[in-house]
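Protein chains: 2
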Amino acid sequence: MAMSTDSVPALPDLSHLPHVVIIGGGFGGIAVAKGLAKKDVRVTIVDQHNFHTFSPLLYQVATAQLEPAEVAYPIRTIFGKSMNVNVRHAKVRGVDHARNVIHLENGKEMAYDHLVIATGASASYFGIPGASTYAMPLYSLADARKLRNRLLLALEEADAAAEESPMSLNFVIVGGGPTGVETSGALSELIRTVIRRDGLRIDPSRMRVLLVDMAPRLLTPFPEKASSYALKELEHMGVEIEFGRSVVEVEEHAIRFADGERLQVAAVIWAAGVTAGGSIADSLGGAPGPGGRVRVNTDLRLLESENIWAVGDAAAVPSGEGMFCPQLAPVAMQTGRHCAAQILRVENNEPTKPFTYKNKGIMATIGRHRAVATLPRGPVISGFLGWLAWLGLHLWYLVGFRNRLRVMMNWTWRYFDWPSGPRIIVADAETAD
Amino acid sequence: MAMSTDSVPALPDLSHLPHVVIIGGGFGGIAVAKGLAKKDVRVTIVDQHNFHTFSPLLYQVATAQLEPAEVAYPIRTIFGKSMNVNVRHAKVRGVDHARNVIHLENGKEMAYDHLVIATGASASYFGIPGASTYAMPLYSLADARKLRNRLLLALEEADAAAEESPMSLNFVIVGGGPTGVETSGALSELIRTVIRRDGLRIDPSRMRVLLVDMAPRLLTPFPEKASSYALKELEHMGVEIEFGRSVVEVEEHAIRFADGERLQVAAVIWAAGVTAGGSIADSLGGAPGPGGRVRVNTDLRLLESENIWAVGDAAAVPSGEGMFCPQLAPVAMQTGRHCAAQILRVENNEPTKPFTYKNKGIMATIGRHRAVATLPRGPVISGFLGWLAWLGLHLWYLVGFRNRLRVMMNWTWRYFDWPSGPRIIVADAETAD
Chain R
1026 MAMSTDSVPA
1036 LPDLSHLPHV
1046 VIIGGGFGGI
1056 AVAKGLAKKD
1066 VRVTIVDQHN
1076 FHTFSPLLYQ
1086 VATAQLEPAE
1096 VAYPIRTIFG
1106 KSMNVNVRHA
1116 KVRGVDHARN
1126 VIHLENGKEM
1136 AYDHLVIATG
1146 ASASYFGIPG
1156 ASTYAMPLYS
1166 LADARKLRNR
1176 LLLALEEADA
1186 AAEESPMSLN
1196 FVIVGGGPTG
1206 VETSGALSEL
1216 IRTVIRRDGL
1226 RIDPSRMRVL
1236 LVDMAPRLLT
1246 PFPEKASSYA
1256 LKELEHMGVE
1266 IEFGRSVVEV
1276 EEHAIRFADG
1286 ERLQVAAVIW
1296 AAGVTAGGSI
1306 ADSLGGAPGP
1316 GGRVRVNTDL
1326 RLLESENIWA
1336 VGDAAAVPSG
1346 EGMFCPQLAP
1356 VAMQTGRHCA
1366 AQILRVENNE
1376 PTKPFTYKNK
1386 GIMATIGRHR
1396 AVATLPRGPV
1406 ISGFLGWLAW
1416 LGLHLWYLVG
1426 FRNRLRVMMN
1436 WTWRYFDWPS
1446 GPRIIVADAE
1456 TAD
Chain A
1026 MAMSTDSVPA
1036 LPDLSHLPHV
1046 VIIGGGFGGI
1056 AVAKGLAKKD
1066 VRVTIVDQHN
1076 FHTFSPLLYQ
1086 VATAQLEPAE
1096 VAYPIRTIFG
1106 KSMNVNVRHA
1116 KVRGVDHARN
1126 VIHLENGKEM
1136 AYDHLVIATG
1146 ASASYFGIPG
1156 ASTYAMPLYS
1166 LADARKLRNR
1176 LLLALEEADA
1186 AAEESPMSLN
1196 FVIVGGGPTG
1206 VETSGALSEL
1216 IRTVIRRDGL
1226 RIDPSRMRVL
1236 LVDMAPRLLT
1246 PFPEKASSYA
1256 LKELEHMGVE
1266 IEFGRSVVEV
1276 EEHAIRFADG
1286 ERLQVAAVIW
1296 AAGVTAGGSI
1306 ADSLGGAPGP
1316 GGRVRVNTDL
1326 RLLESENIWA
1336 VGDAAAVPSG
1346 EGMFCPQLAP
1356 VAMQTGRHCA
1366 AQILRVENNE
1376 PTKPFTYKNK
1386 GIMATIGRHR
1396 AVATLPRGPV
1406 ISGFLGWLAW
1416 LGLHLWYLVG
1426 FRNRLRVMMN
1436 WTWRYFDWPS
1446 GPRIIVADAE
1456 TAD
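Protein sequences, first through last, are from chains R and A.
Position one of the first sequence corresponds to residue 1026 (the numbering used here), numbered consecutively onward.
Position one of the second sequence corresponds to residue 1026 (the numbering used here), numbered consecutively onward.
Only chain R is shown next, with the shape it has when bound in the complex:
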């Protein structure tokens, strides 16, 4: 025997229990599994990553304020104490709902009694030429790392060029929602930090951070007051903001606008919107809902299914009067919890209940110590108080005590302006030796 077996308990045989397969380990999928942990079902989360990503903080990874591991958490570790929840590290190709199996990319099948579609959403490029190839989205840890490398390498390049002739760099953020606002503010801070801290020979007046949106204001889901606050703060931080501008093409090193302007760019950050759908949704059949989402009944079951459910960004969840719930983390968590409860009700031969979304408000951070938050029918909280609210809420939801503490430490450091940050160019470690 190679290794001692002491203190490794034998795993119980749960094969007699109904099998719930959850595709996706994001906010929605994790919430379903948490609701089913230690219940009389057997759960398998299937994800192409072995970690859960705390996506609201991806922009901080992209701007070198947090490390990838600070916003990622192994899914297995979340459920380490729940013997009935397992994880399969695999990509899903499609669903065969007639036979109640899913197809994995390695050619294997996995049978389910209940299937939960929690596959989330990805960037929507609205068919704009070049956007999917050259613009950089911010919806996965891989996206965030690629963007960080691009930003840091562009600044290194500008430093190296300084010996001959100074270089201008334009960074364009497309989309003035929370992601665009948070990323442009953080990027503006990153540039100032590397110049001041790391002594890069860059002329700040040649660094341009430009946020464009078709809409006439920032943060359209927020009240007007929040929008004007965000605008004022971003402009104070050196971000240029242009409304009513639409993008017609993205090239490798340039962006073209509908008004004919063509701008040389170091990077185009794509925060213009999301779409669900893809091969899994396609294999379910039926016409897709708005934004490629899977249409579900009010109990979160697919329109014509008894045992397939959808939650979070992947689901078109009715919110009454022909409207649908927004694609936000709180909706994913709430639908996940509801879905778990309904699966248990079905297994107990009880009727399912309809889902209702409890709007707890939305918030966005602007730079280091400012944020805007808005409560349903409540006031707009802005400035430092808003930032404290934002910080508390994000820490609260960040999975795992250890990650929470690490991120808090990082934030505390940044607050007191300590002289280091995780500005290592990670691609280096991948490609070179």
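Keep in mind the hints are simulated off the structure, nothing from the lab.
Here the structure is a predicted model, which is why all the values come from computation and not from measurement.
Note that the Cβ used here is the ideal one computed from N, Cα and C, for glycine as well.
You may find that some hints are simply not true.
Quick look at which bits of chain R chain A covers, simulated, 3 or more residues with Cβ under 8 Å [claimed, not checked]:
hint, segment
1, 1293-1301
2, 1354-1368
Sample of chain R residues with no beta-carbon within 12 Å of chain A, all distances over it, derived [stated by the list, open to error]:
hint, residue
3, 1271
4, 1401
5, 1418
On the provided structure of chain R, position chain A as indicated by the hints.
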């Protein structure tokens, strides 16, 4: 103007000062630059990475105990307050010593008054077929991340296979020096951790960690007592150790030994030795020294040069009686400091002084709370006391207060056995979306 220039001081013009170019930002190169910081020279560190790697802890990154960013530190940040030290993020192709320039891979040249070769060493495969392709070294951050992915993915695969038939996994470590001893102990712990914490359905008796060496004992540079202590501890941790075995071939999923045995493997970790050399050393001309190292005089200048120096693992530094200094971090740091002092002496028209190595002892850690350390002509310290000494020394040398604190927190956590670790499979974030 796009961004405010307040609080960004103009950089002074230092172009009249002699230019010292240092190739490599490892222990040796950093020590040279530190010795020249704020002196009357202009320093450029050229490195293909923008970060310094604390290589003694790479095995902990490979075994998912530390994050990459915890052992890497941006070189610019180290010298953020030294206006005369700059960093060029670039690969060097060769040296034209007749014209006093180096060639960068992007086709550009960089002129120097003094050149320091601090390019380190890399794994030596001794011409064993397949070793450079399939065996996994542990000399760079990229190596460590690749190895971690391989290890974690192998364990995921074993878990997935458990539903059909249990799978056996062999991990072979080639080389019983400090790297081999530290890695095999940490790997054995990793396997036990993922089984216990993450609930992987793996039979520990089917997991084999095998350390092989041609020599008759572990840690040959240490006294016999340290070797037998390490052997006993590793065996206690479930590591199998086989002496007098030499490898004749490494295949994609197997290893072949001189005695004819062919073993299926999940990974071969290569810790058998290092070599210097490469295109930069070749372009210097002259016959290479032992292990491909650049031959230098006792003042660390190349045999036939007035202004090219070599330090650390890249240099064959005479230690008297035809012997050379070992390739260890303390030698790199000491030669780096010495080199800086001699460059300043040359610039002041003073004669150079010869380098002498001050042996401060060597140490290796075994598993979580044990280590062996040996002082020159002193006692062997082992066990928990040795581990405390090891921890103190590594924390002391770890660049930057923030990294030091983060690593200390991580170690404290592990010591008290907290339930999380950075076990995210990072390749996921690179390849998939």
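Going through the hints against the structure:
1. 1293-1301: violated (count 0)
2. 1354-1368: It is violated: at least three residues are needed, and the segment 1354-1368 of chain R offers just 0 whose Cβ sits closer than 8 Å to chain A.
3. 1271: Non-interface label on residue 1271(R) holds, nearest chain A Cβ at 22 Å vs cutoff 12 Å.
4. 1401: The claim stands: residue 1401(R) keeps its Cβ more than 12 Å from every Cβ of chain A (closest is about 34 Å).
5. 1418: holds (21 Å)
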